[in-house]
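Fit chain B to the known structure of chain A by using the hints.
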Amino acid sequence: MTSIGASRQRLSGACVLAAVCAFVIAGCGGGGSGTSAPGVTKDSVKIGSHQPLTGPAAPGYSEIAPASNAFFKYLNSQGGVNGRTINYVYKDDGYNPTNTVSVVKRLVLQQKVFAIFNGLGTPTHTKVVDFLNTSKVPDLFVASGCQCWDQPDDHPMTFGWQPDYVVEGKILGDYIKKHFAGKKVAYFYQNDDFGKDGVKGLDMYVKSQVVSRQSYEPGDTNVGPQISAIKSSGAEVIAAFTIPAYTALAELTSVKLNYKPQLVVSNVGSDPITVGGLLKAFSKGKAGAALIEGLVTNGYLPSVGDTSNPWIDLFKRIHDRYDAKAPFDGNVLFGMAAAYTFAQALDKAGKNPTRQGLVDAVEKGNLRGPGLVPFRFSDKSHAGFTGAQIGTIKGGKIVYEGTPVTTDDGAGPLKPYTEKQPTPTEQGIVKAGD
Amino acid sequence: MSALARLRLPQQTLMRHLLLAAAAGVVLYLISLALDPFNNLRLAGVAYYFTALAGLTVLTGLNGQISLGHGALMAVGAYSAALLVGRDGWPLAAALAASVVVTAFTGLLVGAVAARLRGPYLAGATLALAVGLPGLALRYPDAFGGENGLDVPPPAPPAWLGETFPLERWQAWIACLCALITLVLLANLVRGRVGRAFRAVRDDEVAAELAGLNVARIQVFAFIVSAACAGLAGGTFVVVTSLAAPGAFQLPLSLALVTGVVLGGLGSLAGAVWGAIALVMLPDWSGDLARALSLSDRVEANLPLAIYGLVLIGVMLAAPGGIQGLFRTGFEWVAARRSTWRPTDDLIDPQRPTPRREEQS
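Chains as they are written, first to last, in my numbering: chain A, 1 to 434; chain B, 435 to 795.
Accuracy of the hints is not assured; some may be wrong.
Said to hold, decoys possible - On the chain A side, residues computed to face chain B include the following (Cβ under 10 Å):
| id | residue |
| --- | --- |
| 1 | T54 |
| 2 | G55 |
| 3 | K91 |
| 4 | D92 |
| 5 | Y95 |
| 6 | T98 |
| 7 | V101 |
| 8 | S102 |
| 9 | V108 |
| 10 | T126 |
| 11 | D130 |
| 12 | F131 |
| 13 | T134 |
| 14 | D192 |
Keep in mind that the hints were calculated from the coordinates and are not lab data. Built from N, CA and C at the ideal position, the CB exists for glycine as well.
The shape of chain A in the complex, shown without the other chains (with noise of 0.2 Å):
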């Protein structure tokens, strides 16, 4: 007996000496680089990002990366930031965190990524907040409306990008208690901190006219009785933060139940193309972007439907050229935008960029870009665009109205913003005053 199991406790030790030996050789790949920014090299950035290529995020939310990648490839063409092309490396976490987390680690950690750009989520991105800060990444423009993203003094690397969503809901709410006054609204609302935030803001417009509050677990999509409780409360209006599937259930649910409420959403949830074309697909082609028409949102991006915006015509030139297999959408107009600001952002940390010195330039502010309105950073702000303007779809197109307006995060109120918008240059970089 002993004699077998010493022989085969040699066999399991050489065994493993030999498992960790191929480990170690399989660690001598990695590490080692030379320069003093990882990541950069004399002609190229590289930077990462997590996206939902798959999963229950991707339809639309897909879109963006490419997107992104195809500014960049048409920046590369004209030469790139400071002589330096950007090499985007984007990997699909499928809206999994546990798999957001591996992901960023990889670029971070393996392919030695300058910088995280756009990592979209809010429960996706808050898992690597801490680490990409720790490790001092630059993590620029998280697609997500998420406040926590604005926290300069634990988070001074994360920088938000798009109107946080109780900024959203300030917005949405003062048009409700505007142009639908005295009605019955009702909330429908993913249960997360995406939808609560929202609720946040619409409550202090509108908490008076409410009736019903529905929430939805994102990944069950059986909207039935929350849109049942909402028909049978009465309402006339649906105030909803819903990610754009959940815009297109919640529709065709209440068309089902014979129950026609003014749908009043999120710019998150609104994209007429996505929604339309999730529509379609839900009802096996039955419905279609017809059901929208009417639906009130709010943007902070010029229109994708308005060709006679400069930068919507520079965008749609470089979608057609290098992205021309997705649809020239909201999503892709949102990747481009993005891509957009941190071609800046690094165009203004200067000839040898380092870590720091993309965080600085872009607490700096002065970036300015396709929105509609200016950004909030600063050093004592990280977070993204200061305000957005209501809209109303109209034949499969967003139509702005008023004036775009700007508000905080808190108890401030609505400015109207009226500066004109900066137009793009050729190469698609502004050099704004600095």
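What follows is chain B alone, placed relative to chain A:
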């Protein structure tokens, strides 16, 4: 050389295992010093997969009970550790120990059911566990954080290691220590009376019962042991990823664990090392493969699962003993050629799985 090694090792099983584990610990320590942070994370990944696979290989390979639900048991361990560390502020070691206890108790409940089921029914019941249990996190978002999961602060390396000591190396150390403890305890268990009883029940339940063994109790106990390992693996997972979220413990994890056990070699603790390495490296390899073939993102996302399936079929057909079985055959072949004096019964391996008898299915 073989004769020398046999002479040097202590005769007592526990001492021998402790000595070998200490040696392995030194080797792992040196490796962790040589590795960059990313590969230290991989090492930690191998360690927590090993912890889970070692438990599963004892259950399936030595006791003959299949479990497709070990991913869910890892979730129990992970959420226990996350709640105790993140919410209640327990010290890490105590939280890990508690997560082992909680998961072992879950294993008792599952095992009690499992002992009444055979073959495909047992597979089905444990499959239900794998599918259903992570859903609890969504059902009770206030307690378990829903899809968001629970954040846990990463374990800070102790101050005496210095300011610049990489966190990833510390995480690898914790994970490797847990794996080594598991290895020593399991190795002792399976070489003793309990291990013999496990195997007796696996080989023939009626014969085992006639020999005076309480079959049901042994099966439940095997499940408890296996679940405890899965719980520790789950707790270690939280240490390494700083997160317990339902997305980590879906069905693919359970299937991956089964694949790892089969690929490494059913019933072999050394095989669990191979299985663990394969589980850590496979996503990389499948990603490379997908890029080389320029597959779409959707195909790439599902490729690892397809590979698990193919590996399971391939290994079962071509090498039922898994990687460790192949090595063993190779070693024995070399040994037999070099020393003809060796008694033939040295080739009989107490851990080699024998096919289950037909009557049990």
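May I ask which of the numbered hints given earlier this structure violates, with the numbers listed in increasing order? Structure breaks no hint.
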